[in-house]
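Listed in order, the protein sequences are those of chains A and B. Just so we're aligned, residue 550 is where the first sequence starts under my numbering, counting upward by one. Just so we're aligned, residue 10 is where the second sequence starts under my numbering, counting upward by one.
Treat the hints as calculated values from the structure; they're not laboratory data. One or more hints might be untrue.
[To be verified] Label pairs and their in silico Cβ distance ranges:
hint	chain 1	residue 1	chain 2	residue 2	range
1	A	Leu820	B	Thr90	21 to 29 Å
2	B	Ser438	A	Val655	40 to 48 Å
3	B	Lys426	A	Ala591	53 to 61 Å
4	B	Thr90	A	Glu835	21 to 29 Å
5	B	Thr54	A	Arg836	57 to 65 Å
6	A	Leu609	B	Ala331	33 to 41 Å
7	B	Phe300	A	Val655	56 to 64 Å
8	B	Ala331	A	Thr703	51 to 59 Å
9	B	Lys426	A	Leu820	47 to 55 Å
10	B	Lys195	A	Ile829	32 to 40 Å
11	B	Pro69	A	Leu820	50 to 58 Å
[Claimed, not checked] Once the Cα atoms are required to be at most 35 Å apart in a straight line, the calculated DSBU-like pairs of lysine-lysine come out as:
hint	chain 1	residue 1	chain 2	residue 2
12	B	Lys66	A	Lys805
13	B	Lys299	B	Lys55
14	A	Lys805	B	Lys299
15	B	Lys326	A	Lys805
16	B	Lys55	A	Lys805
17	B	Lys66	B	Lys87
18	B	Lys134	A	Lys805
19	A	Lys805	B	Lys87
20	B	Lys72	A	Lys805
21	B	Lys134	B	Lys66
22	A	Lys805	B	Lys166
23	B	Lys130	B	Lys299
24	B	Lys426	A	Lys805
25	B	Lys66	B	Lys125
26	B	Lys72	B	Lys130
Being a predicted model, the structure only gives us computed values, none of them experimental. Just so you know, even glycine gets a beta-carbon here, dropped at the ideal spot from N, CA and C.
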Amino acid sequence: MTTRLRDTLTGWALVAPAMILLVAFTHWPALASFWESLTSTARPRRPSRFVGAANYEQILADPVFWRALTNNAWYALATIPLAVGLALLMAVWVNDRIPGRTFARVAYFTPTILPMIAVANIWLFFYTPGYGLLDQVTGLAGIPSRNWLGSSETALGAVTLVAIWKEAGFFMIFYLAALQGIPPVLAEAANLEGASRWTYFRRVQLPLLMPTTLFVLVNAIINAFRTVDHIVVMTRGGPDNATTLLLFYIYETGFKYWDTAYAAALTVVLLAILGTVAAIQYGWLERRVHYR
Amino acid sequence: MDRRQFIVGTGAAATAASLAAPAIAQGAPTEVSFYFPVAVGGPITKVIDGYAADFAKDNPSIKVVPTYAGTYQDTLAKVLTAHKAGTPPTLSVLLSTDMFTMIDEEAAVPFDGFLKTEADKAWLKSFYPAFMLNSQTGGETWGIPFQRSTIVLYWNKELFKEAGLDPETPPATWAEHTAFAERLTKRDASGNTATWGTQIPTTGFAYWLLQALTIAAGGTLANQEGTRTAFDSPANVEALTYLVDLSRKQKVMAPGVIDWGTTPRDFFERKAAMIWTTTGNLTNVRTNAKFPFGVAMLPAGQRRGSPTGGGNFYLSKTAKPAEQEAAVRFVRWLTMPERAASWSVATGYVATSPAAYETPAMKEYVAAFPPAAVARDQLQYAGAELSTHENQRVVKALDDNIQAALGGTKTPDRAMKDAQAEAERILKSYR
């Protein structure tokens with residue numbers, strides 16, 4: 550056996566375990582979903598058949614889909630900048646030598662280690678009208694009780710806040726690690742030059758954190774479309790679809806209505822959205838990121 | 010009396026019944042796989058396992074293997090997935106309203122084919138007729154009632170007394186219900202509400218609670234074939250209007266959509282003086298309410314009324330005939346009056362046959378705790394729960410529009426018209 554052939558075989562053998570898992574549980578299901586989205590859902594008396602783009606035409610005419618898409622857009626627009634910004638702020642804060650630093654770090658990180666289902670149940674209690682934590686606090690100030698999850702105007706905002714609270718701590722860890730990697734000589738040099746705290750942050754820390762920011766952004770966007778556990782617990786998409794997000798709608802279509810072909814078409818749409826966003830991030834944003 | 014003693018005591022009767030049933034070939038026991046959900050508190054899985062063990066003692070030729078399968082929703086998903094994979098459980102407990110889904114998926118077989126003698130047919134007639142409404146269609150019986158419930162009104166006697174109402178008299182009509190709720194609602198000077206007069210939850214099962222009002226208003230939501238709905242009939246619109254007015258006009262019910270899950274808690278915390286919820290919460294309320302409370306039939310509109318709810322037994326279409334035969338025997342054994350009574354005492358569900366209420370154990374229970382009889386007494390006024398083809402979709406159309414009306418984005422009339430249009434679109438292909 551030639552060395553070259555052996556190297557090739559070794560190389561493939563090394564990537565094989567990861568490849569097999571990826572193909573079996575990611576690539577193949579994605580392709581299968583695409584194929585299924587072009588067929589009709591099998592019913593006992595009406596077997597599945599090829600319907601072309603009919604499912605996609607149905608999506609265009611489906612008001613609940615558009616509602617879910619709009620909701621998801623607002624949800625993403627709010628969670629991504631707020632969770633990332635908050636994470637950065639917390640990281641810079643607990644990176645400095647402040648009294649009770651360890652305590653603050655643990656406190657910020659705690660929401661991340663809780664399961665989303667538990668978090669949702671805690672917040673369900675916060676939002677409960679009348680005797681929930683939020684109403685008890687606002688009640689002291691004389692502000693009348695509100696039904697946060699029960700009215701269409703506030704429900705989406707309420708579940709968005711939960712996601713921000715849950716995610717900020719997780720992203721903070723990445724920023725904290727990156728901040729620790731910045732050589733202290735830079736801070737000393739900035740000090741000697743008489744740069745203000747703000748200038749140091751803007752001119753030195755922030756650019757050096759850009760690779761982390763890109764990574765965090767990618768995760769934040771994926772999470773904005775992926776995390777729906779709290780919707781199931783807190784609102785089940787209600788009231789009147791005010792908190793229906795795309796993935797939750799896919800779940801309902803697939804496992805509540807058993808319209809699997811339509812659910813597959815919705816999945817393909819979601820994949821296309823995520824793919825586009827990822828392409829923009831890696832194609833355009835990455836070129837603007839400064840790697841040391 | 011201890012439940013176990015009680016089951017042993019009725020063992021003789023069970024043996025007699027099983028002798029009458031057709032003999033099943035000797036040899037290796039026939040295995041009956043059995044999926045069931047748990048939807049109320051308490052050690053339900055232990056009770057079911059106990060039943061299976063006791064059944065095995067009386068019927069050594071049959072082995073029942075019970076599997077806890079999660080919520081109703083999970084259980085349906087598992088049964089259908091297993092059915093599509095070719096290995097369905099022989100027997101399952103699913104919502105009575107899943108009947109059309111099971112028929113459409115060709116996953117269930119009617120019980121009628123297994124009931125040949127006069128005694129068999131009499132057994133079908135032994136259940137409360139109200140429970141059979143969601144169990145039969147097209148002259149065939151697809152479900153056998155097991156864990157069934159209705160909606161009742163719970164009221165706080167202490168708050169009634171404080172409001173100057175007779176603590177022993179619940180509202181009997183819609184007008185009284187509104188008037189009582191107005192007296193019970195406590196507001197402070199700045200407009201905050203400490204106690205709401207009444208509470209009808211509207212998440213999760215909004216259609217079910219609304220149905221308590223539509224039946225009382227003399228309306229019907231869907232036909233018995235599950236192919237046609239009449240959401241926008243005048244009676245049904247009147248029912249939604251009554252519900253919305255409680256919250257938006259009279260302001261005796263909290264604004265917006267009210268959570269199903271926290272409703273019992275709101276009652277314990279004195280945030281709501283009256284609540285409408287399932288009889289399945291009876292044991293929960295009895296344990297946690299720190300004040301004297303009453304349980305009453307729902308107030309009457311044109312008439313009294315409540316939908317039934319809860320789960321039925323379904324028989325798999327693709328199981329082997331011997332297994333189906335054995336499963337039917339297990340179902341008959343479980344629905345005998347003595348066992349139906351023990352199940353009702355253990356869970357709070359309504360016992361499924363009048364004969365069960367004549368058993369000594371049930372009489373003793375009802376005598377010690379009279380509220381347990383309210384749901385039974387209400388059964389004579391009960392109607393079928395909303396159930397159609399593509400049930401989940403049709404129900405969602407109605408739920409969404411009820412919530413829109415409560416939120417004020419649609420008038421009750423508009424909401425019911427929109428729900429009807431959507432249901433019409435979904436059901437057209439089933440006629």
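Hints versus structure:
no.	hint	verdict
1	Leu820/A x Thr90/B: 21 to 29 Å	holds (23 Å)
2	Ser438/B x Val655/A: 40 to 48 Å	violated (58 Å)
3	Lys426/B x Ala591/A: 53 to 61 Å	violated (33 Å)
4	Thr90/B x Glu835/A: 21 to 29 Å	violated (42 Å)
5	Thr54/B x Arg836/A: 57 to 65 Å	holds (58 Å)
6	Leu609/A x Ala331/B: 33 to 41 Å	violated (51 Å)
7	Phe300/B x Val655/A: 56 to 64 Å	violated (42 Å)
8	Ala331/B x Thr703/A: 51 to 59 Å	holds (58 Å)
9	Lys426/B x Leu820/A: 47 to 55 Å	violated (37 Å)
10	Lys195/B x Ile829/A: 32 to 40 Å	violated (56 Å)
11	Pro69/B x Leu820/A: 50 to 58 Å	holds (55 Å)
12	Lys66/B x Lys805/A	violated (39 Å)
13	Lys299/B x Lys55/B	holds (29 Å)
14	Lys805/A x Lys299/B	violated (38 Å)
15	Lys326/B x Lys805/A	holds (21 Å)
16	Lys55/B x Lys805/A	holds (29 Å)
17	Lys66/B x Lys87/B	holds (29 Å)
18	Lys134/B x Lys805/A	holds (33 Å)
19	Lys805/A x Lys87/B	holds (12 Å)
20	Lys72/B x Lys805/A	holds (32 Å)
21	Lys134/B x Lys66/B	holds (28 Å)
22	Lys805/A x Lys166/B	violated (40 Å)
23	Lys130/B x Lys299/B	violated (47 Å)
24	Lys426/B x Lys805/A	holds (24 Å)
25	Lys66/B x Lys125/B	holds (25 Å)
26	Lys72/B x Lys130/B	holds (25 Å)
Violation of the numbered hints given earlier is confined to hints 2, 3, 4, 6, 7, 9, 10, 12, 14, 22, 23; the remaining hints are satisfied by the structure.
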